[in-house]
Amino acid sequence: MRDELLLETIERYLAGSMNADERRAFEQLRMENAELDQRVIEHQQFVDILKHYGERVELESRLNAIHSEIDVHTLVEEATERPAWIVQLWRNHHSKISVAASIAIFAILGTLFVTGSLSTKSGYEEMVREVGKLRSDLSKGKYAKVTTPVRTPVTSDRYRGTGFAITSGGLIATNYHVIYRADSVYVQNYAGRAFKAKVVFTDANSDVAILKITDTAFRELGAIPYTFKKSESDLAENVFTYGYPQDSPVYGDGRITSQNGFDNDSVDYQISVPLNPGNSGGPLLDSRGNIIGIVKAKQAQMEGAHFASKSSYLLAALDSLAADSNSKKPALNSKNTLSGLSRPLQIKKLQNYVFLVKVYAKN
Amino acid sequence: MNKQIKTSAPTDSEIVFGILNNSESAIKRLYVAYFPMVLQLIVNNNGTADDAKDIYQEAIIVLYNKIKKGDFELNSKLKTFLYSVCRRLWLKRLSQMSRYGGDLKDFQEFVPVEEEVEDQHERNLQFGKMQSALGLLGEPCKTIIEDFYINNKSMQDICERFGYTNADNAKTQKYKCLQRLKKLFFQQK
Numbered sequence: 000m001r002d003e004l005l006l007e008t009i010e011r012y013l014a015g016s017m018n019a020d021e022r023r024a025f026e027q028l029r030m031e032n033a034e035l036d037q038r039v040i041e042h043q044q045f046v047d048i049l050k051h052y053g054e055r056v057e058l059e060s061r062l063n064a065i066h067s068e069i070d071v072h073t074l075v076e077e078a079t080e081r082p083a084w085i086v087q088l089w090r091n092h093h094s095k096i097s098v099a100a101s102i103a104i105f106a107i108l109g110t111l112f113v114t115g116s117l118s119t120k121s122g123y124e125e126m127v128r129e130v131g132k133l134r135s136d137l138s139k140g141k142y143a144k145v146t147t148p149v150r151t152p153v154t155s156d157r158y159r160g161t162g163f164a165i166t167s168g169g170l171i172a173t174n175y176h177v178i179y180r181a182d183s184v185y186v187q188n189y190a191g192r193a194f195k196a197k198v199v200f201t202d203a204n205s206d207v208a209i210l211k212i213t214d215t216a217f218r219e220l221g222a223i224p225y226t227f228k229k230s231e232s233d234l235a236e237n238v239f240t241y242g243y244p245q246d247s248p249v250y251g252d253g254r255i256t257s258q259n260g261f262d263n264d265s266v267d268y269q270i271s272v273p274l275n276p277g278n279s280g281g282p283l284l285d286s287r288g289n290i291i292g293i294v295k296a297k298q299a300q301m302e303g304a305h306f307a308s309k310s311s312y313l314l315a316a317l318d319s320l321a322a323d324s325n326s327k328k329p330a331l332n333s334k335n336t337l338s339g340l341s342r343p344l345q346i347k348k349l350q351n352y353v354f355l356v357k358v359y360a361k362n
Numbered sequence: 000m001n002k003q004i005k006t007s008a009p010t011d012s013e014i015v016f017g018i019l020n021n022s023e024s025a026i027k028r029l030y031v032a033y034f035p036m037v038l039q040l041i042v043n044n045n046g047t048a049d050d051a052k053d054i055y056q057e058a059i060i061v062l063y064n065k066i067k068k069g070d071f072e073l074n075s076k077l078k079t080f081l082y083s084v085c086r087r088l089w090l091k092r093l094s095q096m097s098r099y100g101g102d103l104k105d106f107q108e109f110v111p112v113e114e115e116v117e118d119q120h121e122r123n124l125q126f127g128k129m130q131s132a133l134g135l136l137g138e139p140c141k142t143i144i145e146d147f148y149i150n151n152k153s154m155q156d157i158c159e160r161f162g163y164t165n166a167d168n169a170k171t172q173k174y175k176c177l178q179r180l181k182k183l184f185f186q187q188k
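If you're matching them up, the sequences are chains A and B in order.
Under numbering that gives the first Met the number 0, the first sequence is numbered contiguously, ending at residue 362.
Under numbering that gives the first Met the number 0, the second sequence is numbered contiguously, ending at residue 188.
Because the hints were derived from the structure by calculation, they are not lab data.
By construction, the Cβ of each residue, glycine as well, lies at the ideal position given by its N, Cα and C atoms.
Check before you lean on any hint, since a few could be wrong.
[As the list claims (entries may be wrong)] Facing chain B, from chain A, some residues (calculated, C-beta under 10 Å):
{"no.": "1", "residue": "25"}
{"no.": "2", "residue": "37"}
{"no.": "3", "residue": "40"}
{"no.": "4", "residue": "41"}
{"no.": "5", "residue": "45"}
{"no.": "6", "residue": "53"}
{"no.": "7", "residue": "68"}
{"no.": "8", "residue": "87"}
[As the list claims (entries may be wrong)] List time: in silico SDA-like cross-link candidates among lysine to any residue, alpha-carbon distance up to 25 Å:
{"no.": "9", "chain 1": "B", "residue 1": "152", "chain 2": "A", "residue 2": "41"}
{"no.": "10", "chain 1": "B", "residue 1": "152", "chain 2": "A", "residue 2": "47"}
{"no.": "11", "chain 1": "B", "residue 1": "175", "chain 2": "A", "residue 2": "211"}
{"no.": "12", "chain 1": "A", "residue 1": "50", "chain 2": "B", "residue 2": "76"}
{"no.": "13", "chain 1": "B", "residue 1": "52", "chain 2": "A", "residue 2": "51"}
{"no.": "14", "chain 1": "A", "residue 1": "211", "chain 2": "A", "residue 2": "194"}
{"no.": "15", "chain 1": "B", "residue 1": "182", "chain 2": "A", "residue 2": "34"}
{"no.": "16", "chain 1": "B", "residue 1": "128", "chain 2": "A", "residue 2": "23"}
{"no.": "17", "chain 1": "B", "residue 1": "152", "chain 2": "A", "residue 2": "58"}
{"no.": "18", "chain 1": "B", "residue 1": "152", "chain 2": "A", "residue 2": "61"}
{"no.": "19", "chain 1": "B", "residue 1": "181", "chain 2": "A", "residue 2": "56"}
{"no.": "20", "chain 1": "A", "residue 1": "347", "chain 2": "B", "residue 2": "52"}
{"no.": "21", "chain 1": "B", "residue 1": "76", "chain 2": "B", "residue 2": "128"}
{"no.": "22", "chain 1": "A", "residue 1": "347", "chain 2": "A", "residue 2": "250"}
Use the sequences and the hints to build the structure in full.
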């Protein structure tokens, strides 16, 4: 109870509601009594905190009232820094842009792929992929690129390739992919005479096909000037080919750049001979005039990287042909009349034995 | 990029005198004039509009108290002072939330205001304690204390409001309430 009275006194003192005498007496007491003085100060401080707290609460509610009148949303719009319009465009529409870009990329790649003009400009990854694709095409025997549809409307043959004589009796070697779509096949010699031929053997795996000229007009060829090499040729060996990428024969030479084709395919050589569609099925010869392979594919993705099936697979094909048909194995020429000749002379002798293969197909 | 938001600002002395005279409109004009500036600072530095409101109101309170205390010297513009306080407060807030990337995008000049911000921080702690003490106090004590000490109501008013038969009962009640409030307040860390 005493404490309560004391507090009331202190409050009256602080509020200034004491009369002069009372006040003087209280101040006297305060000076004498340190404990009382302490109480007064403490109480004053506490009440100040309370008052300030009250003011603060009141001020805050006033500020909130003011704030509620402000259109904050519009201000935020204004205050937010606008990024460059291109960034905004991206932020607002990036999903649409991405879709559009993907479609565009697919369209472009698709067009390039279909038209076959996907060039070496594409990156390494892409190249590997496309190589892989071509590799699988190889195994399926799809060779649209190498045996192009013929443009001239005069002839109705759809695909063209090259073939070369194995025997003087009219066995012609070419690529499987040249003739696999064929309804009928004709071979045309250097002089421009065409003979009907039939396919007697195919091996999709090594891409070798053997045709037999069945035309009655066909006369036996002279002695084959070249021989077939059984062993593998060496890396960097000088090689050449001769074929019909166009109506007139084309010569090309280069070197063996790898003893394996793509994906380390040991069926093939990789060669640096310039090739064009229509070269497929042509002979690949070394400088001494040995057939060492059958020109096969132009790899669109790799500049100067072309491929040829090794002659050993051709020989194997001949073996299987003999086994299948139960006939005698065709006698291969063993006398090479090309070696030692200059290249133009070699070609001159060769030209009678290399044929333009014309393939007629339904569609 | 440093576009400044244009506002028709009242003059500084208008505001200072207005606040000293408890003018309601002075605070309002002050508030409206510089809020966009602070909003710009906050929203462009990882904050939201609500963050801006909190920070800005705190800065206004700092300024208000400084003016009320009478020691506000116009050695910087009110605008610069407010901006500096908000900047300081926001830096503190950002580092508390560990969202501070070490790079604040500034839009205005600023002056050092560490002292003011520290004082404000102390006061906030005190008010926080008072708020929770009052909260724990419960009714009718809370209202009696608020009416008497904050709203400056007379004991007579309080008697009538709470239906005390005489002023002595009310006084006793008020005394008990105050003792409890003090206890609650000082108990807090």
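Hints and how they fare:
1. The closest approach between the C-beta of residue 25(A) and any C-beta of chain B is roughly 19 Å, which is over the 10 Å cut-off, so the hint fails.
2. This hint is violated: residue 37(A) has a C-beta 14 Å from the nearest C-beta of chain B, more than the 10 Å allowed.
3. Here the hint on residue 40(A) is broken, as its CB sits about 14 Å from the closest CB of chain B, past 10 Å.
4. Annotation: residue 41(A) was flagged as interfacial toward chain B, and the flag holds, the nearest CB pair being 9 Å apart, inside 10 Å.
5. Using the Cβ-Cβ criterion of 10 Å, the hint placing residue 45(A) at the interface with chain B is satisfied: the shortest such distance is roughly 6 Å.
6. Because the beta carbon of residue 53(A) sits about 3 Å from the nearest beta carbon in chain B, less than 10 Å, this interface hint is met.
7. The beta carbon of residue 68(A) comes within 8 Å of a beta carbon in chain B, closer than 10 Å, and the hint placing it at the interface holds.
8. The beta carbon of residue 87(A) comes no nearer than 14 Å to any beta carbon in chain B, farther than 10 Å, and the hint placing it at the interface is violated.
9. Restraint check for residue 152(B) and residue 41(A): satisfied, since their Cα atoms lie roughly 22 Å apart, inside the 25 Å limit.
10. For a cut-off of 25 Å, the pair hint linking residue 152(B) to residue 47(A) stands: about 16 Å separates their Cα positions.
11. For the given pair, residue 175(B) sits about 124 Å from residue 211(A) by alpha-carbon distance, which is inconsistent with the 25 Å threshold.
12. Note on residue 50(A) and residue 76(B): the hinted pairing is violated, with a Cα-Cα distance of about 29 Å set against a maximum of 25 Å.
13. Among the hinted pairs, residue 52(B) with residue 51(A) is consistent with the structure: their alpha-carbon atoms are about 21 Å apart, no more than 25 Å.
14. A hinted pair counts as satisfied when its Cα atoms are at most 25 Å apart, and residue 211(A) with residue 194(A) qualifies at roughly 10 Å.
15. Taken as a hint, the residue 182(B) and residue 34(A) pair is honoured in the structure, with Cα atoms around 19 Å apart against an allowance of 25 Å.
16. A C-alpha spacing of about 36 Å is found between residue 128(B) and residue 23(A), which places the hinted pair above 25 Å, so the restraint is violated.
17. Taking the CA atoms of residue 152(B) and residue 58(A), the gap is about 19 Å. The hint holds against a cut of 25 Å.
18. A C-alpha spacing of about 21 Å is found between residue 152(B) and residue 61(A), which places the hinted pair at or below 25 Å, so the restraint holds.
19. Of the pairs offered as hints, the one joining residue 181(B) and residue 56(A) holds, with about 19 Å between alpha carbons and a cut-off of 25 Å not exceeded.
20. Using a Cα cut-off of 25 Å, the hinted pair residue 347(A) and residue 52(B) is violated, with the two alpha carbons roughly 96 Å apart.
21. With a C-alpha separation of about 33 Å, the suggested pair residue 76(B) and residue 128(B) falls outside the 25 Å cut-off, and the hint is violated.
22. Restraint check for residue 347(A) and residue 250(A): the C-alpha separation of about 11 Å stays at or below 25 Å, so the hint holds.
The structure shown violates the earlier hints numbered 1, 2, 3, 8, 11, 12, 16, 20 and 21.
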